[in-house]
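**Student:** Build the full structure now, drawing on both the sequences and the hints.
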Amino acid sequence: MAAIYSLYIINKSGGLIFCKDYGSAGKMDTNDSLRLASLWHSMHAISQQLSPVNGCAGIELLQADTFDLHCFQSLTGTKFFVVCEPGTLHMESLLKYIYELYTDYVLKNPFYEMEMPIRCELFDINLSQAVQKDRVALLGR
Amino acid sequence: MISVGKIKQYTNVLERPLSKGKQEVSLSAFAFLFSELVQYNQTQVDNITELERRLEDAGYAVGARILELLCHREKGNRRETRLLGILSFVHSTVWKVLFGKVADSLEKGTEHEDEYMISEKELLVNRFISIPKDMGAFNCGAFVAGIVRGVLENAGFPAVVTAHFVPVEGQHRPRTTILIKFAEEVLRREATLG
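Quick note, the sequences are listed as chains A and B, same order.
Following this note's numbering, the residues of the first sequence are numbered contiguously, the last one being 151.
Following this note's numbering, the residues of the second sequence are numbered contiguously, the last one being 365.
Everything labelled a hint here was simulated from the structure, so no lab data went into it.
Possibly wrong hints are sitting among the right ones.
Stated by the list, open to error - Some chain B residues near chain A, calculated using beta-carbon distances under 7 Å: (1) A202; (2) S206; (3) F299; (4) I300; (5) S301; (6) H343.
Here a beta-carbon is modelled for each residue, glycine too, at the ideal position from N, C-alpha and C.
**Tutor:** Written out as structure tokens, the structure is:
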């Protein structure tokens, strides 16, 4: 059973720039993914305003009955989030690592246009390796 | 503590030895700079061949300078005059200074006498670069090809140098081969030298 269901990256204006499904069940079509991305973007923004705590940076973890949603926002406003099995550990570090891959293989690629959908072969390769490694670590426990 | 006395004072700037300098620069800084170089050149051209040529020209200037520097620093102001000598100079000395390692392999072309190939599993300049599908066989290694051409041409070995992706069996990523095709005069001279 896959621990990670899917990964999304949204740009600072809420547009979906990368999306990948890992689980076999509950695949979404492109329109639903786009909708989910912009919905999450807005919810994240609203949560910052509504938070009773000062200096809140937005939702980091959303826990539901059937899934957990971990979100990481970079300083430039790009958001990375994974939807995973409830109770999956080490998602923060995975997101940080994915952010690292993004800065390496997407931002240093001269053929990538900022804020546009990510189509970089090297990013895909390294990402699937990272997720694979994570899965192995999960199975090993 | 600053110890001024320790550094030997040279009265003439020309007598001062050329320092090796700091050997390494940040890979990220280089990657961003190179990315900008490619992006800038992309705005100046309207086809891929032209982009390749511009990158090569940028590399050529580096090659010309690196030859000068390394001949002085490593070879006591002498340069290689033989074909194999200059090739191994590029393959090991130049590569080591530029990329911190010698190139993966140096081979002679099987089909043509005047062709040599320097292959690299993962060229440093291509480390973070994914070529979009619509750009076909374009390779940013054109910059490195330019460096090699700059070294060779200024050492008196005019050649046509190009960079190509070569698929490797069992590997995701193709390797980059720098193909060197020497001018006729070079081979003729080599033959006379024996």
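**Student:** With reference to the structure, classify each hint as holding or not holding.
**Tutor:** Tested hints:
Annotation: A202 of chain B was flagged as interfacial toward chain A, and the flag holds, the nearest CB pair being 4 Å apart, inside 7 Å. The closest approach between the C-beta of S206 of chain B and any C-beta of chain A is roughly 4 Å, which is under the 7 Å cut-off, so the hint is satisfied. Proximity of F299 of chain B to chain A holds as hinted, the smallest CB-CB distance being about 4 Å (cut-off 7 Å). Interface restraint check: I300 of chain B against chain A, minimum CB-CB distance 5 Å, threshold 7 Å, status holds.
Evaluation of the S301 of chain B hint against chain A yields a held restraint, the C-beta minimum of about 4 Å falling below 7 Å. Nearest Cβ of chain A to the Cβ of H343 of chain B: about 6 Å, under the 7 Å cut. The hint holds.
Of the numbered hints stated above, none is contradicted by the structure.
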